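Using the sequences and the accompanying hints, generate a full structural model.
These are the residues of each chain, in order.
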Amino acid sequence: MKDVNGVALVVLVALFALVTGMGFWASRWRRPTSMESLDEWGLGGRSFGTWITWFLLGGDLYTAYTFIAVPAAMWAAGSVSGFFAVPYTIVLYPIIFVFMGRMWSVSHRHGYVTTADFVRGRFGSRGLSLAVAVTGFLATMPYIALQLVGIQAVLEVVGLGGGDSVIAKDLPLFIAFALLAAYTYSGGLRAPAVIAFVKDTLIYLVIIVAIIYLPTKFGGWTHIFDAAEQKMAAPNAVDGKPNGVFIPGGTQYWAYATLGLGSALALFMYPHSITASLSASTRNTVRRNAAILPAYSFVLGLLALLGWVAIAAGTKPIGADGKPNAQLVIPQLFEDAFPSWFAGVAFAAIAIGALVPAAIMSIAAANTFTRNIYKEWLKPDATVEQEAKVSKLASLVVKLFALVFVLLLDKQNAINFQLLGGIWILQTFPTIVLGLYTRWMHRWALIAGWAVGMVYGTWQAWNVANPRGGINHFGGSLAQMPVIGELGYIALTAFAINLVVAVVVTVVLRMTNVPDGDDETIRGDYFADSGDPRVQKVPQPIHQEAPNV
Amino acid sequence: MSSAGTVDPDRPDLNDDVDHDTVPPARTGLLVLAGVLLALPVVALMWVSSYSRDEPRLGGFPFFIWYQFLWVFLCSALTYTAYRIVLVARPHRPMDDLGDSSERAVGDAPRSADGERGERA
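Protein sequences, first through last, are from chains D and R. No gaps in the numbering here: position 221 of the first sequence is 1050 in our numbering, and each next residue is one more. No gaps in the numbering here: position 94 of the second sequence is 118 in our numbering, and each next residue is one more.
Be aware that a few hints might be false.
[Said to hold, decoys possible] One-sided excerpt, in silico: chain D residues whose CB lies under 8 angstroms from chain R:
hint, residue
1, Ile919
2, Ile1004
3, Ala1007
4, Leu1008
5, Ala1010
6, Lys1046
7, Trp1050
8, Ile1076
9, Ala1120
10, Ser1126
11, Phe1356
12, Asp1358
13, Asp1361
Hints listed in this document are in silico derivations from the structure and should not be mistaken for laboratory results. Keep in mind that this is a model prediction, so the values were computed, not measured. For each residue, glycine too, the CB sits at the ideal point set by N, CA and C.
If you want it as structure tokens, here you go:
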């Protein structure tokens, strides 16, 4: 239990009020004639240029949880667990450069809002589309919940959230999320797009100040790295093995590389990444962004190093319940080392950093529900107005669910599910990305590969124990890879198995001439740009009108 | 190739003999070059043994750390170069609504971006 840091709290609340005002104003920003369609509410009118997209994608991909969890992993276990985020967010951009242009173009031509929309149109398979939609939805939910964990970490260090009463304890979180839900409901994707400017500016400011100021305070970089090396090499009290990894050794190369590559392949399969990409105004906006988004990767790398700065600083992250909690290490470092008012700015950067991704994720999950479950399975004749209405309501439900998830269940559950979500979402990669290039893969083979990947990944993750944390299941994301024999990222192993199954089953189905679904796209669709007209789907009623005429 | 990429904006009808169910023409050599530039950062960073060492340090930073930071900038430059190359390699081939009865231009397609160009469709 600690005292409330008054000055920091005032600064935090003031900045929070500022973005709340901006969030509500957002529905007037670049005002459309009508907000009542998913193109407007859910994709910001598909009108964002290079810089807005840069802020939006940056605000979306580099989440508050990342800002809390990556330095925490560096602090606790070192570079394999934490610094892989740097190669991950570097190789990410050449990869999305390759396929995101095609994704944008075909979505522009056919009005796709989600990846499952594309899968439905490309493979003519409702089942495969549903598999992609459900995977995306399940993977996003715990991710939203973790954004709340990010806000909670800040509130806990400021001194809120330690009370005895359940209501007083979580009231600040409740208010923050209710406001977020309200302006996301009214402004749609425009709300996080506006707030992202503030978020990213604050994050850059805080990191630059932290990375220049803190090392001078704690003995310089040489001392910081020496302190980190020492801590990582020291034996752990539980199992006597070294605490962590300073620089990966021979047995950890695979782990480091597969974590980076697997995470990079997975990130743009998440609905929220696709939502932000499809809101761009032209085919080349996202590609141009692939060249300038690495600025955020640089910041993330610096932030990761703050985990090691905290080692040299002797930061003691103790939670409101009096137990050590690695997740608090960065907020605690800021509170200890910065003057109160700047600590407030730093806390605001993290808390606001949670709002942008939480808003986009809830919009993306809502769009997925509306397009691929509600319209596809429940109400096929829904109008665009009805779609927008359902999506807005779904965005509220999704956020409420995330709130309940965090408040009622153990935080560890959210972290476990997010780990699983990363494994699951990568299993949609063959369908979505290979589907952008070829229809050789059979729809049923892709479902088979997906199912095997999901089961294998879940089973492997279940088996990972972490004795240090006292956890028997879901203790980490690394497991021994078949054939290679080294530790590797479970998601990537499952992905490889998924691909093999998909190819083998495709060969069998092709030999037995099992029919393909219909493809509504043509080759030129994958190269379309903003000036090219949208394909107008033949309206359903034509069929019924003909006899009457 | 160039004829498909440079349709006279005033005469979109010049374009109506293009079969849009084909891949727009491109200069393969340039696409391969762009592919190589994009593959470089991935290969470099997946090859962990090439940089997992402490020395030489730079301003106190272990090689392992500063080398990866360096790749942030290299990757950015390579991706931007690839972007410029791809623009040249495959010029945009405009699509139209002619020759396919199931398609027609939609008035409310992205407004700000297609502005003047949308008029011709």
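**Q.** Interface hint for D:Lys1046, Cβ within 8 angstroms of any Cβ on chain R
**A.** 15 angstroms, violated
Q) Going by Cβ atoms only, is D:Asp1361 closer than 8 angstroms to chain R? A) 4 angstroms, holds
Q: Using Cβ atoms only, decide whether D:Ala1007 comes closer than 8 angstroms to chain R, and label the hint accordingly.
A: At 33 angstroms from the nearest chain R Cβ, D:Ala1007 fails the 8 angstroms test, so the hint is violated.
(Q) Does D:Ile919 hold up as a contact with chain R if the rule is Cβ-Cβ below 8 angstroms? (A) 5 angstroms, holds
Q: Could you check if D:Phe1356 really has its C-beta closer than 8 angstroms to a C-beta on chain R?
A: 5 angstroms, holds
Q: So, D:Leu1008 near chain R? Judge it on the closest CB pair being under 8 angstroms.
A: 29 angstroms, violated
Q.
A closest beta-carbon separation below 8 angstroms is what the hint needs, so does D:Trp1050 meet it against chain R?
A. Holds, because the Cβ-Cβ distance from D:Trp1050 to chain R comes to roughly 3 angstroms (cut-off 8 angstroms).
Q.
Restraint: D:Ile1004 near chain R, CB-CB cut 8 angstroms. Satisfied or not?
A. 35 angstroms, violated
Q: With chain R as the partner, please determine if D:Ala1120 meets the hint condition of a C-beta pair closer than 8 angstroms.
A: Holds - the Cβ of D:Ala1120 comes within 8 angstroms of chain R, reaching about 4 angstroms at its closest.
Q) Taking the least C-beta to C-beta distance, is D:Ser1126 closer than 8 angstroms to chain R? A) Where the cut-off is 8 angstroms and the nearest Cβ of chain R is about 5 angstroms from D:Ser1126, the hint holds.
Q: Go through the hint on D:Asp1358 and say holds or violated, using the shortest Cβ distance to chain R against 8 angstroms.
A: 5 angstroms, holds
Q: Could you check if D:Ile1076 really has its C-beta closer than 8 angstroms to a C-beta on chain R?
A: For D:Ile1076, the interface hint holds, since the closest Cβ of chain R sits about 5 angstroms away, which is under 8 angstroms.
The structure fails to meet hints 2, 3, 4, 5, 6 from the earlier list, while all remaining hints are met.
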